[in-house]
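A.B. asks: As you go down the protein sequences, you meet chains R and Y in turn. Sequential numbering from 1 applies to the first sequence in our numbering. Sequential numbering from 1 applies to the second sequence in our numbering.
Simulated from the structure, these hints should not be mistaken for laboratory data. It is possible that part of the hints are untrue.
What the hints assert, rightly or not - From the structure, some residues in chain Y lie toward chain R, with a derived Cβ separation under 7 Å:
#	residue
1	Phe-20
2	Ala-27
3	Ala-28
4	Ala-43
5	Met-46
6	Trp-124
Claimed, not checked - Chain R regions said to be covered by chain Y (calculated; three or more residues, Cβ under 8 Å):
#	stretch
7	5-11
8	28-36
Glycine is no exception: its CB is placed at the ideal position from the N, C-alpha and C atoms.
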Amino acid sequence: MSTESIMVRLRRANPVPQAPAGEDNELFARITAEAADSRLTERTRPRVERRRRVVVAAFALLVAALLASTAFAISQWIGGDVVPPPVTKQEYLEAQKELSLPPGVKWPKYNMGEPNSVTNRGAGGGQAVLVAQNAWECYWVDAIKRGDAAAGQQAHNELNKLLANNIREAPAWASENWAPTPLPDHPVVYFAHDGGLAWVKNNYRQAAGGDPTGISQSCKANAPG
Amino acid sequence: MGMTETHDRHAAEARFRAVFSHLGAVAAYARRRGSRDADAVAAEVMTIAWRRLADVPHDDPRPWLYATARNLVLADLRRASFSASEMTEDFAPAPEVVELDPILGAALLSLSRLDREALLLVAWEDLTPTQAARSLGINPAAFRVRLLRARRRLRTKLEDASTGRRCDPNAHLDMETT
Chain R
1 MSTESIMVRL RRANPVPQAP AGEDNELFAR ITAEAADSRL TERTRPRVER
51 RRRVVVAAFA LLVAALLAST AFAISQWIGG DVVPPPVTKQ EYLEAQKELS
101 LPPGVKWPKY NMGEPNSVTN RGAGGGQAVL VAQNAWECYW VDAIKRGDAA
151 AGQQAHNELN KLLANNIREA PAWASENWAP TPLPDHPVVY FAHDGGLAWV
201 KNNYRQAAGG DPTGISQSCK ANAPG
Chain Y
1 MGMTETHDRH AAEARFRAVF SHLGAVAAYA RRRGSRDADA VAAEVMTIAW
51 RRLADVPHDD PRPWLYATAR NLVLADLRRA SFSASEMTED FAPAPEVVEL
101 DPILGAALLS LSRLDREALL LVAWEDLTPT QAARSLGINP AAFRVRLLRA
151 RRRLRTKLED ASTGRRCDPN AHLDMETT
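Can you build the whole structure from these sequences, using the hints too?
C.D. replies: In structure tokens form, the structure reads like this:
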């Protein structure tokens, strides 16, 4: 008996030679009334979800990018001009070339602050002016205490130069951190229109009269920290 | 239900319609393997197929359906063997079931379950060796070797039977027997 005849014999012996009709609409309806395979019915939904997520992610990225430059953008909207720490530091360093410090005093290292922070353009120069102002005030206090009239006079002269060239008072209507447009081409610090500058000038008048109280307070209060 | 979900469901039903067209073939398979309630087995197979439609091959669902039916029939037969004493005439073969040649039946039952199933998938379910291999979850090349050996073994058994060396005449053709 060949293997082929074995298969023929087997086929002939099929106990159910004809498969019954497979149509059973009632059964079909009953089965499909149940929840379908979720992997099929949700197959397109994740695509939509994914597309939606991509859009949301893109939007989030856009927002993040905007936020990263928020201060810059906002300042642009309100007419200001802000710069990142490296620019401010450079302004600070450049201003040192135009300003002087008392003998033996060194420029303090500029504190860069937060990497993503921003500062008004020109603030680096203004910082240098304040450092110089404070240094000369302290120097003057020491000069008065030592009775060194020449040193006191030198300090007075330097502070007057600062008042003349590098210290300004913002307009009465100006907000905090106001700066003019365009900015001056040399380092300038702007005091708010709140009497602060008048107090400074008064202190200098008192110091010139031999009373270091005012500049001594200012020396301590505004010492670089 | 949104438009997308409705469309998905219609697509799933259309896909299942093609699978469901094999309902009769699955019922026949269950009967050939000794199921006493082949229609229920076929209905159960189709229900499983609907729930797991993503697993059912698009191109040819029959191997998957037969494999599922095989598992259900085996489970049924195991249950039946535990309660054989409760058998009633409800378990009698369906009218369309042809009496199997006892010599051939005994020869088949003397084969291993896998050998027997390999032969029957090709001879009775009319699957190609590749389809049958898929239904058994084995490599097509391995299936061909198994089929060849199964044919030889069956031939030997039948030859033995024809020369007087009888196979077990009391054997029943169900898939529990190896």
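A.B. asks: All hints, please: hold or fail.
C.D. replies: Hints and how they fare:
This hint holds: Y/Phe-20 has a C-beta 5 Å from the nearest C-beta of chain R, less than the 7 Å allowed. A distance limit of 7 Å between C-beta atoms decides the matter here; for Y/Ala-27 the minimum to chain R is near 6 Å, and the interface restraint holds. Interface restraint check for Y/Ala-28: the shortest CB-CB distance to chain R comes to about 4 Å, inside 7 Å, so the restraint holds. Look at Y/Ala-43: its Cβ gets to within about 6 Å of chain R, closer than 7 Å, so that hint holds up.
The closest approach between the C-beta of Y/Met-46 and any C-beta of chain R is roughly 6 Å, which is under the 7 Å cut-off, so the hint is satisfied. Taken as an interface hint, Y/Trp-124 checks out: its beta carbon lies about 5 Å from the nearest beta carbon of chain R, inside 7 Å. With 5 residues having a Cβ less than 8 Å from any Cβ of chain Y, the stretch 5-11 of chain R passes the three-residue criterion, so the hint holds. Here the stretch 28-36 of chain R counts 6 residues with a CB under 8 Å from a CB of chain Y, which clears the bar of 3, and the coverage holds.
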